[in-house]
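Using the sequences plus the hints, can you model the full thing?
Be aware that the sequence shown starts at 1053, since it is given in our numbering, and climbs by one per residue.
What the hints contain is simulated information worked out from the structure, not anything from laboratory work.
Quick reminder that beta carbons are idealized off the backbone N, C-alpha and C, glycines included.
Treat each hint with caution, since some may be false.
Stated by the list, open to error - Below, a list of computed lysine-lysine pairs in the BS3-like style, where the Cα atoms sit at most 25 Å apart:
| id | residue 1 | residue 2 |
| --- | --- | --- |
| 1 | Lys1109 | Lys1121 |
| 2 | Lys1109 | Lys1247 |
| 3 | Lys1183 | Lys1247 |
To be verified - Okay, the calculated beta carbon distance ranges per label pair:
| id | residue 1 | residue 2 | range |
| --- | --- | --- | --- |
| 4 | Gln1270 | Ala1198 | 33 to 43 Å |
| 5 | Glu1202 | Pro1257 | 16 to 26 Å |
| 6 | Pro1269 | Lys1211 | 16 to 26 Å |
| 7 | Arg1140 | Glu1195 | 31 to 41 Å |
| 8 | Gly1177 | Ser1246 | 29 to 39 Å |
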Amino acid sequence: MRSILVMNAKGGSGKTTIAINLASYYAVEGYEVALVDYDPQFCALDWLEARPEGRPKITGIEGLQKSAKVPRSTDIVILDAPAATHGRPVTELLSRAQTCIIPVIPSTIDLNAAARFIDEITELGRVLNRKVRVASVANRIRENSAGHFEIEEFLESTKLPNGRRLPFVACLRNSINYAHAADRGLGIWEIAPSKVAHDLEMWAPLISWLDSKASRPQ
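Structural data, given as structure tokens:
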């Protein structure tokens, strides 16, 4: 069972958008997918409620329920972490994941918050011992803007305590296509390709990294 955590302590970074689109991608690819929503607002589960019949199945789970269990038949688990997560809850969430994706949006406040959060989680034993692989994603960018270049420079220069570079694997643009898809309980892979072709291109490096050995503990 593959487990992918989407986490950033800063609210508004687009964690849920990435989580639901990852769930959609793997479901469309034919995997048994579970989406575990740890956010008290349950936005990911609301998205599932809107999902039309006949679409590839995604099992929704309330992560805050102690009795919550992922079905044994599940191939891929996507964990949507809440905002303002620090300390022990971070450790607990990382213990459930093989891979952690940190979305960061291009603003000074968000870059500063991301720097602190990345410092926090990369000091943890599971990350230092490579029991969970961590990567960053620039999210909601305006292509070729000053913010786009600033966030790329920031994420490309971010390092782990051992001196290794923290993988920076993709830039995702600020696109209305995500909202249009989410309103219908869909991911962008379930929209007409002609409408989302550029967005799919921007996702390709993230999907490629997730499919690689580099994204999994050895």
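Going down the list of hints, with the structure as the test:
For a cut-off of 25 Å, the pair hint linking lysine 1109 to lysine 1121 stands: about 17 Å separates their Cα positions. Straight-line distance between C-alpha atoms of lysine 1109 and lysine 1247 comes to about 23 Å, which keeps the hinted pair within the 25 Å bound. Distance check on the hinted pair: lysine 1183 and lysine 1247 sit about 38 Å apart at the alpha-carbon level, beyond 25 Å; violated. Here the CB-CB span from glutamine 1270 to alanine 1198 is close to 39 Å, well matched to the stated 33 to 43 Å.
For glutamate 1202 and proline 1257, the hinted distance range of 16 to 26 Å is satisfied, since their beta carbons lie about 19 Å from each other. For proline 1269 paired with lysine 1211, a C-beta distance near 20 Å keeps the hint of 16 to 26 Å intact. Arginine 1140 and glutamate 1195 have their C-beta atoms about 38 Å apart, which keeps the hinted 31 to 41 Å range intact. Look at glycine 1177 against serine 1246: about 47 Å separates their beta carbons, and that is not inside 29 to 39 Å.
Checked against the numbered hints listed earlier, the structure breaks hints 3, 8; every other hint is satisfied.
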